[in-house]
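Number of protein chains: 4
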Amino acid sequence: MRLWSRGELDALEATADRLNSSIGFDRRLFNEDVDGSIAWINALEQAEILSEEDVNQMRQGLEEIREDLFSVRVTFEPGDEDIHTAVERLLTEKIGELAKKIHTGRSRNDQVATDFRLWVMRACDEVLQLLHDYLSAIIEAAKIGLDAPMPGYTHLQVAQPVTWGHWMLSHFWPAVRDRERFQRTRRVASDLPLGSGALAGTSYAIDRELLAQDLGFESVSENSIDAVSDRDFVLEFLFAASVLGVHLSRLAEGLIIFNTAEFGFIRIDDRFVTGSSLMPQKKNPDVLELARGKSGRLIGGLTGMLVTLKGLPSAYDKDLQEDKEPVFDAFDTLAAVLPAITGLLSTITINPEQMEAKITGESLATKLADYLVGKGIAFRDAYREVAGILDRLGQQDRKLKEISMQDMKALHPAFEDDIMDTLDPRNAIAEYTSLGGTSQESLNIQLQNAFKALEASA
Amino acid sequence: MRLWSRGELDALEATADRLNSSIGFDRRLFNEDVDGSIAWINALEQAEILSEEDVNQMRQGLEEIREDLFSVRVTFEPGDEDIHTAVERLLTEKIGELAKKIHTGRSRNDQVATDFRLWVMRACDEVLQLLHDYLSAIIEAAKIGLDAPMPGYTHLQVAQPVTWGHWMLSHFWPAVRDRERFQRTRRVASDLPLGSGALAGTSYAIDRELLAQDLGFESVSENSIDAVSDRDFVLEFLFAASVLGVHLSRLAEGLIIFNTAEFGFIRIDDRFVTGSSLMPQKKNPDVLELARGKSGRLIGGLTGMLVTLKGLPSAYDKDLQEDKEPVFDAFDTLAAVLPAITGLLSTITINPEQMEAKITGESLATKLADYLVGKGIAFRDAYREVAGILDRLGQQDRKLKEISMQDMKALHPAFEDDIMDTLDPRNAIAEYTSLGGTSQESLNIQLQNAFKALEASA
Amino acid sequence: MRLWSRGELDALEATADRLNSSIGFDRRLFNEDVDGSIAWINALEQAEILSEEDVNQMRQGLEEIREDLFSVRVTFEPGDEDIHTAVERLLTEKIGELAKKIHTGRSRNDQVATDFRLWVMRACDEVLQLLHDYLSAIIEAAKIGLDAPMPGYTHLQVAQPVTWGHWMLSHFWPAVRDRERFQRTRRVASDLPLGSGALAGTSYAIDRELLAQDLGFESVSENSIDAVSDRDFVLEFLFAASVLGVHLSRLAEGLIIFNTAEFGFIRIDDRFVTGSSLMPQKKNPDVLELARGKSGRLIGGLTGMLVTLKGLPSAYDKDLQEDKEPVFDAFDTLAAVLPAITGLLSTITINPEQMEAKITGESLATKLADYLVGKGIAFRDAYREVAGILDRLGQQDRKLKEISMQDMKALHPAFEDDIMDTLDPRNAIAEYTSLGGTSQESLNIQLQNAFKALEASA
Amino acid sequence: MRLWSRGELDALEATADRLNSSIGFDRRLFNEDVDGSIAWINALEQAEILSEEDVNQMRQGLEEIREDLFSVRVTFEPGDEDIHTAVERLLTEKIGELAKKIHTGRSRNDQVATDFRLWVMRACDEVLQLLHDYLSAIIEAAKIGLDAPMPGYTHLQVAQPVTWGHWMLSHFWPAVRDRERFQRTRRVASDLPLGSGALAGTSYAIDRELLAQDLGFESVSENSIDAVSDRDFVLEFLFAASVLGVHLSRLAEGLIIFNTAEFGFIRIDDRFVTGSSLMPQKKNPDVLELARGKSGRLIGGLTGMLVTLKGLPSAYDKDLQEDKEPVFDAFDTLAAVLPAITGLLSTITINPEQMEAKITGESLATKLADYLVGKGIAFRDAYREVAGILDRLGQQDRKLKEISMQDMKALHPAFEDDIMDTLDPRNAIAEYTSLGGTSQESLNIQLQNAFKALEASA
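Chains as they are written, first to last, in my numbering: chain A, 1 to 458; chain B, 1 to 458; chain C, 1 to 458; chain D, 1 to 458.
Bear in mind the hints are in silico, worked out from the structure with no lab data behind them. Quick reminder that beta carbons are idealized off the backbone N, C-alpha and C, glycines included. Some hints could be false.
[As the list claims (entries may be wrong)] Beyond 10 angstroms from chain C on every Cβ pair, some chain D residues (computed):
{"hint": "1", "residue": "ALA47"}
{"hint": "2", "residue": "SER51"}
{"hint": "3", "residue": "ARG108"}
{"hint": "4", "residue": "THR274"}
{"hint": "5", "residue": "ASN351"}
{"hint": "6", "residue": "ASP417"}
[Stated by the list, open to error] One-sided and incomplete, this derived list gives chain C residues near chain D with beta-carbon spacing under 10 angstroms:
{"hint": "7", "residue": "GLY79"}
{"hint": "8", "residue": "GLU81"}
{"hint": "9", "residue": "ASN109"}
{"hint": "10", "residue": "GLN183"}
{"hint": "11", "residue": "GLU289"}
{"hint": "12", "residue": "SER295"}
{"hint": "13", "residue": "LEU298"}
{"hint": "14", "residue": "MET305"}
{"hint": "15", "residue": "LEU312"}
{"hint": "16", "residue": "ASP319"}
{"hint": "17", "residue": "PRO339"}
{"hint": "18", "residue": "ALA340"}
{"hint": "19", "residue": "THR347"}
{"hint": "20", "residue": "ASP397"}
[To be verified] Partner residues are not named here, just some residues of chain A that face chain B (Cβ under 7 angstroms, in silico):
{"hint": "21", "residue": "ALA198"}
{"hint": "22", "residue": "GLY304"}
{"hint": "23", "residue": "ILE403"}
Use the sequences and the hints to build the structure in full.
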C-alpha cells in the first residue's frame, strides 16, 4: 500500500505505477534513509513529539531494517514505490502502530533531498580516496623515467624535447584540480534540507542546527522552497565527474598512441591488455579505450540533468526523481575506471631508447634560434633564418641529426663550434629551467610539490 | 575462459576485467546473437566450411541455448566477458568440439555490430507499435471536444480562440514525424556488417547477400572497415528518441498547466495521478512530469554517444562498447513513458465551460482589426487603431467582454451593429478556415488526414 | 605576413587560411594581449634580455596600439591570423626592428592561455557585479509582499500556503551559489601559464612569480605541458554560466505562469513586455522567455567544449582554438539577460488579493492532519483520515473553504471549535516557524541573512 | 518604431530591447523574407484582398529592398527589432501607405517559420554541393593508392593488412549517409507553415497549396498550432551537422596520426599546414585539428537547441527565437571545414614504402589460424595454437617477419612449405574477397559503387 493510498480509491494504473516507481534504483539510498530517519526521530524527541521510549524502539527497528537491507534479506512489495515508503512499511511490520508517527512533520520532499545529499557526500569521500590512489600512481609512473628524454608534442608533431616524467606529471595536476572539484562538491552537498517539509517548512519545534550536526552536514538550508528544489549539488557532482572523465580521456589517448607499434614508447602490462576473438596476436589497450570512451556517458549524464532541471517551475516537481540515476552511474563509472587506470599506471614500463631515438634534430630549432638570439640577432629574425635553413635542408632531404659541425657552420655565419652542443637534446632539456619546465632542476621542484599536494589529500 | 585466453598467461587484473566486461548489459542481445550465429553457420555451410550435419547439430544447440536464456536458466561464468563469448562457451558445453568451428571467418567486431543492428531494428518495431497506440489516443482525446472553444496561447498569453480538438491534434503531427524518424532509423540499421571480419573482410566464400536476406537486412555494407566502425544507426535511434522526448515534454507541460486549479481545463483520471506522503489532498500529475523530465536522459544519451564517437581513429576501438547502454535506456524509457501517456490521454476529461470562460474578449482583437480591414483600412493602421482602443479601455480597467454595442460603436466610427458578432469567439473560430486552421470545416479535414496517417502505420 | 611565414614558400590555401584564422573573434583579447606583452617585456628586462630603454620604447608602442584598438582605429591585414600576430605586426610598424625581440622565449601557446585567463578573470568580475544587482533586485521584489499569502506549489498543484516574499527569496539563494561558482572560476583561472613556452618551459631566466604578481594572477602553473593544455577554467566558466542559466529558466518559468491571465499573481511593467505583429492586445513576457530559452545556448556551449577537449593527446592541439567563442557567447548572454531580468524584477508588481484567493482550503490538509496528531493520533493514521474526509467531500463536490464549523465537526469526532482556526491560511503560515520556513518570524531571519550575503559581494 | 508600437506608450526598456532584438542575426533571412512576402502578396491578390496594381507596386518595392540589402546599402534603425519588421518599414518608406497592407492575415509567427525553413532548404542545397566535392575528393585520394598495402588497425594496434584505398573509402560511405541526412532534412524543412497566422490559421481565403508551390515547398502543414511551433527541421539540420562533424573528427584523427613522424604514412601539402610562432620547424595539421575540434560546437548547437525546445508549452514562445544562431553557426562551420578538408585530401600524398614496412608479421596471425583451419583444425583450436606460437616467439623476442621457413615448420607440425605464402601480406590482402573486403577484386566493385553513389548526388 502506498503511503498516500486512499484504500479502495487507490487504483494507480499499472503503466503509471511502473513509470512512477523508483525503488528499482533508489534502494541504494537505504543506508542514508535509515540514518536520516534516526536523526529525525531524535529531533522529534527533542521537540517532545516522541518519548524516549518511542525513539528507542523506533531506532532499534530502523537498525534492524538497515541490517536486513545490507544483507539483502528484504523483498520489496508492489506498493513500495520508493525506498522511503519501503522503510516506513518495514518499520510498521517490525514495531507496529508506533511506526505511523515517524513521518510527523516530515515530507518525502525534504527526506529524499537529505538522503541523497548524504549519499553524495559519502560518494565524494570514496572518489577522493580513488583519486588519491590515482595521483600516487601517476607519481610512481613518472619516477620510472623522470629525466628520460622523449619528444614533446604539440599538434601531435614533435615540438621540443621533454622527459617522460615531465609528461607523466602533466597529468598529475589536472587530477589535483579534479580532487578540488570533488572536495567542493562535498561541501555544496552538505547543506541540510531536512526540516523544510513539503516546501513551507515544518510547524513542529525541530532544531535544524542540531539535526545538521547529528547527520554531519556543514550548514542548514536558508529557504525551505529552495531546499526541496535545489539540485545544484547533483550538477556539481556530474560536472566534477565529467571534467575528470575528459582528463582521463586525454591521458588515455596519449598512452594509446605511445603504445602503438609505431611509437613504441610504453608497454602495458599483460594484466591490463585484452585479446581478440579472431586475431591471436592482439594485445589491446581496452582499459584505456574504455576510460576514453566513458567520458561520453559522464558528459551525457551532466547534459541530461541540466535538461531535466531546465524550466522547472515549482518547489518540487516529480522530474527531480530523475536526479539519482545519472549520479549513481557516474559514481559507478569512476569506481570502475579509476582503479583500472591506477593499476595500469602502476605496472607500466617505458622504452627509453625508443623515446630518445624519436627526438628529431628539428625539434631543437627553437634552441638554434635562441643561439642566434644569444649572438645578438632579434628573435623574429633568428626564427626566420632558422626556418630558412630548415627549408633548404628539407629540399635536400637532409635531417639536422645527420649534419656535421662543418656543414652546420656553413649554414649560418654566426654558428660556431659550440653549435653542436645546441643540437644535443639533453642540453636543451637541461636549459628549460623555468618553474614547471622540463629540466631536471625544475622537475625536482615539481616532484616535491606533487608529493606535498598528494599528502594534502591523505 | 576468455575466447582469447592464452592459458597460464591469462591473468587479466580484476579491475581491468570488471571495466572490460559487458555481459552485465549485452546479455540483452542473446536472442539476436543466436539468430546471427544460425545465419552464420548457414553461410559457412553454403561456403562448404561446415557440413549439413554440423550445421544441424550446431543449430539445435543454439536453439536450446536460446530457450535456456529466455527462461533465465543460464548462469554466467567469470570468463564470459560478453554475451558472444558466453554463447560460444555454452555451445561448446552442449555440443563439444564442433562448437569450436563456429567463429570461423567471423570476428566479434562484425558479430556484435550485426547483433546490435538486429536488436535496434526490432526495438524500432516495438516503438512504432507504441507510437501507433499513442497517435490513436491523441485522436480519441481530440474527439472529446473537437470543436470545444478554448483560449489559444502564444507566450502563454491568451492569443486567439481555438478549440480543444485543434490543440490536441497539434500534438498528433509531431508524433507522426517521430514515427518517420523511427521508420528511417530501422532502415539505417538494416545494413548488414556480417562478413566484414575484424576489419579487412573475410577470406571464406561467404555470400553476404544471402546472409542479409536470411537475417532480414535490407542491404549489405559496402566497406568492411566502415562496417565494424559505423554507429550512425545508434545515433539515429538516440536522436529519434530525443526528439520524441522533447515532443512529449511539450505536451506534458501544456497538460500540467491546463491541469492546474487556476486553469482548470482538464481532469486527469485518478488512475493516473499520485499522492503526497505528507499532504492528503494532493493529486499530482507525476506521469506528465516524468514524461517531461525524462527528456533529459534521452538527450543525455544522445550527447554522450556523440562524445564517445568523436575522434575515434580505428576501425574498431573498444570505446564502441559504450554504444549499447544508452540505446537500451532510451528504449526502456520510451517503453515506460509512451503507454502511461497513452493511458492518461485515453482517460482524460475536459471542462468546456471553464475553457470557454477563459477566452478573453481581447483575444478577438485581431478580428477587430480584420473588421476594419474589411472597411477599407490598411491592416497596419487597423492594428494600431485597435491597439489604441484597447489601451484606452485598459486605462479605464474595462474589458471588451463587458462592453455594450453602443459603447463599442462609440469607440470607432467604422464599428457598426455587426461589430458584436466579431466579438463572439465562436464566430472567430468559424472564420479560421485556412487549411490547418481552427474552424470546424478545417478540423474535419485535419481529422480525416489524421486517420489516414494513423492507418498508414497500422 | 604570418609570424611563421617562410617567404615565398608561404602559400597557405585560402580555404585553410579561412578555417585557421581566429582574428574574427580573438580580437576581443587585445587589451589582455597588451597587458600580457607588457608584463613579458618587463620580465625580459629583469632577465637582462632587454634593456630599460628597449622596454620603455616597446611599452609605449604597446600602449599606443591598445589605444588604437580601443578606438577601433586599426585595420587588420590578411596575414593577421590572430590578435597576437596582429599586435606583433602593429608593434613592428610602430617601433621597427626592436619589436622583433618581443617574442623571445615566449610561445603563442603560453601567450594565448595567459591572455584568455586574464580575460576570464575580468569577465568573472563583471558577472559578479551583475549578480550583485540581480540579488539586490530579488530582495527588493521580495519585500513588496514579504508576508503576502499565496499558494505554494509542488507538482504545480496547490500544496501549502506560503508567502510571496518566501517564494521570491527561494530564487535568491540559488543566485548566491551562482556567485560562489563565478568566484571560484576566477580563482581557477588565476593560475599563470606564461613562461611555459610552447610546452617545455623557457630557457631564459624569467621570474614567473613576479610575472604572476605583475598580471594579478594568484598562482603559477606547476607543469609547463599542463599549463598550455589546461582548459579547466573554461569549463568552470561555462558550467557556472549553465547552472545560472538553469536557475534563470526556473525563475522565468514561475513568473511566466504567475503572469498568465489564469493565475494573475503578478504584473510585468510595460517597459518589459513586448507586442505582437498581428494581435493588438498582446503583452508578452519575452524577457522571461528569452531568459528561459537562452539556458539552451549556455548548456550547449558547455557540452560543446567538453566534446572539443575530449581525447586531445598533445600539450597543445589546435582544437583548443575553439575555447573562446563559447565563453564570449556565454558572457554576452549573461550580460544581456541579467540586466533585463534585474530590471523586470525591480518594476514587478503583485496582486495580493488574487494570490490569497487562490489558496485552496485543501492546501491546509496537512494542518488538519497535524491537528489530529495534536489530539494523539499517529501521523499516518491522521493523514489517512484527512484523505478520507477530502475524498468524501470531493464526491459531493464540496470545497473545504465553503464548509461551516458545524459540518466540519461532523466530519471527525476529534474536530472541535478551534478547527476553523486551522483552516485559516494565515494561521498555517504563522506556524511554519522552522528555520527557512514561511512564517513571518522565519522570513525576517532569512531576509537578514540575505542582506548579509548580499553585502558579502559588495 | 516597432510593428506593435503603441506610440507614446512605447517605452521598451533598453535592457529588454537589447535582449529582445534579433536583427543582429536574423538579417541573414532577408532574401527569404522578400521571397516569402512576394508569395504572400500574390496570395492576397488571388484572395482579392489586394489588386493587381497593388501587388505590382509592392513586388517592385520588395525587389528593390532585396537589392539594397544584397548590396548592404541599408542602415537598420533602433526600432527594427527583426528583419521582418525592417522589411515592412523599408517598404513603407519606399511605397508609402500601401505597405501597411502587406501584413494582412499574416503573423510573424508563420512568417518567420516560413522564411527560416526556406533558408534551411537552401542551406541544405549548399551543404549537399560541398559534400559532393568532398565525396569526390575522397575517391581521388583513395585512387592514389587503391591497392597500396598498409596496416589495418583496431584499438590502434596493427590488426590485419588492408590497403590505403580501402581505408580512404571507409570514410566515403559515412559521408554518403551524411548526404542522405541533409537530403531528408531538406524534405522535413519543406512543409509550408505560411497561412497559419499567429496560431489559429487565417480567415482570409488564402490558397496555401498554391503558396507552397510558389515558394517551392513540398507540402502544406496540417495543423496551424503545430506549424508555428514545430522546430523539428532545425533539430534535423543540427543533427545532420553533428553526425557529419563526428565523421570528420574520426577522419581527422586518423590522418593526424598517420601524419606523425612516427607513422609517416602521409604527407600533407604545404598549402594545408601551418607553422609555430616559436618553433621554426613546425608544420602543423591545423586544418585537421580544427575539423576534429569543431565537432564540439556542432554537437553543442544540437544539445542547446534540444534544451531550448524542452518543455515549451504554447504554440509560439519567444524561446523559439533561439533557433537561428545555432543553425547559422553549424552552416558556417561546415562551409569552412568541408572545403578545407576537400582541398587537403585533393593534395595529400602517401608513403607506400613506409606503410608496407609497418605491416607486422603478427598481423597475419589470423591467416595462420585460417591455414590450420584449412588443415582440418577447428577454428578455436587453431586460434589457440597460433596464439601459443606467438607467445613463445614473443618470449624469445622474435618477430614473425624474421623467421625462416625451416623455423616456421618447426613451430607446428601442420605448417608446410606453402606457409611462407601465408606470411606475405599481399597474399593475405588478395584473399579478403568478401563484398566490402580489402582485396583488389572487392575494392574494384566498391569503387564502382562509390562512383555510382557520387553520380547520384550530381
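Each hint tested on the structure:
1. The non-interface label for ALA47/D is consistent with chain C: the shortest C-beta to C-beta separation is roughly 17 angstroms, beyond 10 angstroms.
2. Distance check on SER51/D: its Cβ is at least 23 angstroms (rounded) from any Cβ of chain C, clearing the 10 angstroms threshold; non-interface status holds.
3. Non-interface call for ARG108/D relative to chain C: violated, since the shortest CB-CB distance, roughly 4 angstroms, does not exceed 10 angstroms.
4. Interface exclusion of THR274/D from chain C breaks down, the closest Cβ pair being 6 angstroms apart, not more than 10 angstroms.
5. With a least beta-carbon separation of about 21 angstroms from chain C, ASN351/D lies farther than 10 angstroms from that chain, consistent with its non-interface assignment.
6. For ASP417/D, the non-interface assignment is confirmed: its Cβ lies about 45 angstroms from the closest Cβ of chain C, beyond the 10 angstroms cut-off.
7. Proximity of GLY79/C to chain D is violated relative to the hint, the smallest CB-CB distance being about 12 angstroms (cut-off 10 angstroms).
8. Evaluation of the GLU81/C hint against chain D yields a held restraint, the C-beta minimum of about 8 angstroms falling below 10 angstroms.
9. A distance limit of 10 angstroms between C-beta atoms decides the matter here; for ASN109/C the minimum to chain D is near 8 angstroms, and the interface restraint holds.
10. Evaluation of the GLN183/C hint against chain D yields a violated restraint, the C-beta minimum of about 24 angstroms exceeding 10 angstroms.
11. About 4 angstroms separates the beta-carbon of GLU289/C from the nearest beta-carbon of chain D, less than 10 angstroms, and the hint is met.
12. Hint status for SER295/C: holds, given a least beta-carbon distance of 6 angstroms to chain D, under 10 angstroms.
13. Restraint check, LEU298/C versus chain D: the minimum CB separation of about 8 angstroms is within 10 angstroms; hint holds.
14. Taking 10 angstroms as the C-beta contact cut-off toward chain D, the hint placing MET305/C at the interface holds, the least distance being around 6 angstroms.
15. A cut of 10 angstroms between beta carbons decides the hint on LEU312/C: the least distance to chain D is about 8 angstroms, and the hint holds.
16. Residue-level restraint check for ASP319/C holds (minimum Cβ-Cβ distance to chain D is 3 angstroms; threshold 10 angstroms).
17. Checking PRO339/C against chain D by beta carbon gives a least distance of about 4 angstroms; that is within 10 angstroms, so the hint holds.
18. The criterion of a C-beta within 10 angstroms of any C-beta in chain D is met by ALA340/C, whose closest approach is roughly 4 angstroms, and the hint holds.
19. With its C-beta approaching chain D no nearer than about 8 angstroms, THR347/C sits inside the 10 angstroms limit, and its interface hint holds.
20. For the restraint placing ASP397/C at the interface with chain D, the shortest Cβ-Cβ distance is roughly 29 angstroms, beyond the 10 angstroms limit, so the hint is violated.
21. Annotation: ALA198/A was flagged as interfacial toward chain B, and the flag holds, the nearest CB pair being 5 angstroms apart, inside 7 angstroms.
22. The beta carbon of GLY304/A is positioned within 7 angstroms of a beta carbon in chain B (closest approach about 2 angstroms), and the interface hint is therefore held.
23. Contact between ILE403/A and chain B, as hinted, is not supported at the beta carbon level, the nearest pair being about 34 angstroms apart and thus beyond 7 angstroms.
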